Amino acid sequence: MEIEILYWYWVVLGVMLMLSEIVLTTFFILWFGLAAVIMGALTYLFPDIEVSWQILIWTVLSSALALFWFKFLKPLSIDKTKAGLSREAIVGEVGQVISVPREGMRGKLRFPAPILGADEWMIMSQDSLAEGDRVRVKDVSGNSLIVEKA
Amino acid sequence: MGFLVVTVAVMLLVLFTFYSGVRLVPQGYKWVVQRLGKYHRTLPPGLNFIIPFVDTVAYKVTTKDIVLDIPSQEVITRDNAVIIANAVAYINILSPEKAVYGVEDYRIAIQTLVQTTLRSIVGEMDLDDALSSRDKIKAHLKNSISDDISDWGITLKTVEIQDINPSGTMQSAMEEQAAAERARRATVTRADGDKQAAILEAEGRLEASRRDAEAQVVLAKASQRSIEMVTAAIGEKEMPVVYLLGEKYIKSLEQISKSQNGKTIVLPADLPAAVKGMMGKL
Numbered sequence: 317m318e319i320e321i322l323y324w325y326w327v328v329l330g331v332m333l334m335l336s337e338i339v340l341t342t343f344f345i346l347w348f349g350l351a352a353v354i355m356g357a358l359t360y361l362f363p364d365i366e367v368s369w370q371i372l373i374w375t376v377l378s379s380a381l382a383l384f385w386f387k388f389l390k391p392l393s394i395d396k397t398k399a400g401l402s403r404e405a406i407v408g409e410v411g412q413v414i415s416v417p418r419e420g421m422r423g424k425l426r427f428p429a430p431i432l433g434a435d436e437w438m439i440m441s442q443d444s445l446a447e448g449d450r451v452r453v454k455d456v457s458g459n460s461l462i463v464e465k466a
Numbered sequence: 157m158g159f160l161v162v163t164v165a166v167m168l169l170v171l172f173t174f175y176s177g178v179r180l181v182p183q184g185y186k187w188v189v190q191r192l193g194k195y196h197r198t199l200p201p202g203l204n205f206i207i208p209f210v211d212t213v214a215y216k217v218t219t220k221d222i223v224l225d226i227p228s229q230e231v232i233t234r235d236n237a238v239i240i241a242n243a244v245a246y247i248n249i250l251s252p253e254k255a256v257y258g259v260e261d262y263r264i265a266i267q268t269l270v271q272t273t274l275r276s277i278v279g280e281m282d283l284d285d286a287l288s289s290r291d292k293i294k295a296h297l298k299n300s301i302s303d304d305i306s307d308w309g310i311t312l313k314t315v316e317i318q319d320i321n322p323s324g325t326m327q328s329a330m331e332e333q334a335a336a337e338r339a340r341r342a343t344v345t346r347a348d349g350d351k352q353a354a355i356l357e358a359e360g361r362l363e364a365s366r367r368d369a370e371a372q373v374v375l376a377k378a379s380q381r382s383i384e385m386v387t388a389a390i391g392e393k394e395m396p397v398v399y400l401l402g403e404k405y406i407k408s409l410e411q412i413s414k415s416q417n418g419k420t421i422v423l424p425a426d427l428p429a430a431v432k433g434m435m436g437k438l
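Sequence order for the protein chains is E and C.
FYI, the numbering for the first sequence is 317 to 466, going by the working numbering.
FYI, the numbering for the second sequence is 157 to 438, going by the working numbering.
Rather than coming from a laboratory, the hints here were simulated on the basis of the structure.
Every value quoted in this text rests on a predicted model; they were computed, and no experiment measured them.
Be aware that one or more of the hints could be misleading.
Claimed, not checked - List of simulated lysine-lysine pairs, PhoX-like, C-alpha gap at most 25 Å:
id : chain 1 : residue 1 : chain 2 : residue 2
1  : C       : K254      : E       : K398
2  : C       : K254      : E       : K396
3  : E       : K398      : E       : K465
4  : E       : K396      : C       : K216
Sequences are here, hints too, so could you generate the full structure?
Below, the structure written as structure tokens:
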């Protein structure tokens with residue numbers, strides 16, 4: 317069985333795939349489409365490549381493109397928004413100790429502006445703290461914060 | 157031919173791999189990924205890649221605030237009154253992996269926890285305190301369940317007591333008490349008014365009698381003075397008395413003539429003689 321694939325088949329397939337990405341938003345069809353367009357260019361330059369090799373090259377090329385994206389390009393575009401991410405919003409914030417944690421009792425801390433709906437939080441700490449110290453939030457435990465000296 | 161089939165198969169495999177490996181997590185959610193049935197990692201919002209066949213997204217957890225309705229329940233206060241209270245809690249999941257693995261169903265867990273804690277806090281308060289100090293209950297509640305929910309990676313942002321009402325019989329008793337209290341105040345007020353009125357009246361009478369007495373004294377003094385003045389003018393011993401008597405006599409005649417019954421008034425022609433006659437001497 318002889319199947320002939322013309323170079324523009326690849327280009328059309330690629331464009332169709334890239335268009336379908338707009339509707340599907342899976343973010344991997346785009347790379348298959350891009351690879352198909354590149355395949356179109358390759359078959360235009362080298363029309364003698366066998367069909368099965370063409371498919372294989374396409375597969376490898378699209379995987380390589382997708383992996384390249386995830387490996388190198390995606391880390392460059394880190395989203396810094398903290399909308400809806402409460403833990404990320406509070407960890408690392410600096411506040412002032414207004415009452416020192418003592419044996420069996422939790423201390424209190426005040427932020428300059430309310431975070432997660434309150435500006436005063438109960439605190440626990442390994443460090444020995446004094447009133448007025450500036451502390452950084454390390455973790456959250458229920459309604460208490462685990463802090464360390466800033 | 158066989159090679160073609162293999163390449164197509166490989167192509168489909170790659171396609172499927174990417175299809176099941178690329179995960180787009182929407183903002184406001186975190187996805188918990190298990191690798192071969194064991195917790196592996198939590199996917200943040202945005203584009204993520206998991207290894208197909210080994211990794212599965214086991215839970216999709218919202219990181220937005222969750223509004224939990226705490227159903228109304230009967231609570232007994234320290235002074236044995238029954239009140240009905242319900243609340244609304246706002247929670248936020250900080251660590252999705254703790255929330256899904258730490259407790260079977262965190263919503264029910266927190267609902268029940270808030271319910272029981274509310275009951276124990278109100279149980280330590282008197283009815284009147286419980287009805288008036290909602291803010292205290294709120295702060296207390298937040299503090300007491302902090303430790304319980306810390307294992308679940310959840311923070312309780314706020315608890316609001318929605319309704320806190322006495323039960324039916326309690327309410328009617330309280331209304332009765334309030335009504336009785338008002339009635340008592342009304343009675344006291346009325347008695348107070350009566351007392352004040354009586355005192356004022358008595359004071360008025362006292363003042364009036366005092367003035368009357370004073371008036372009599374003033375009148376007597378005036379008579380004395382007039383007798384003295386007439387005596388000084390006439391200079392005789394008995395004549396002044398006669399003069400004054402005569403004057404009074406004429407004045408009374410005048411008054412008789414003014415009265416409605418009097419028709420005719422006859423004045424004695426010889427006044428001194430008449431006075432003399434009345435005196436029987438002179």
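Status of the hints after comparison with the structure:
1. Between the alpha carbons of K254/C and K398/E the distance comes to roughly 20 Å, so the proposed pair stays at or under 25 Å and holds.
2. Taking the CA atoms of K254/C and K396/E, the gap is about 24 Å. The hint holds against a cut of 25 Å.
3. Our distance criterion of 25 Å between C-alpha atoms is met by K398/E and K465/E, whose separation comes to about 24 Å.
4. Distance check on the hinted pair: K396/E and K216/C sit about 21 Å apart at the alpha-carbon level, within 25 Å; holds.
When each numbered hint is compared with the structure, no violation occurs for any of them.
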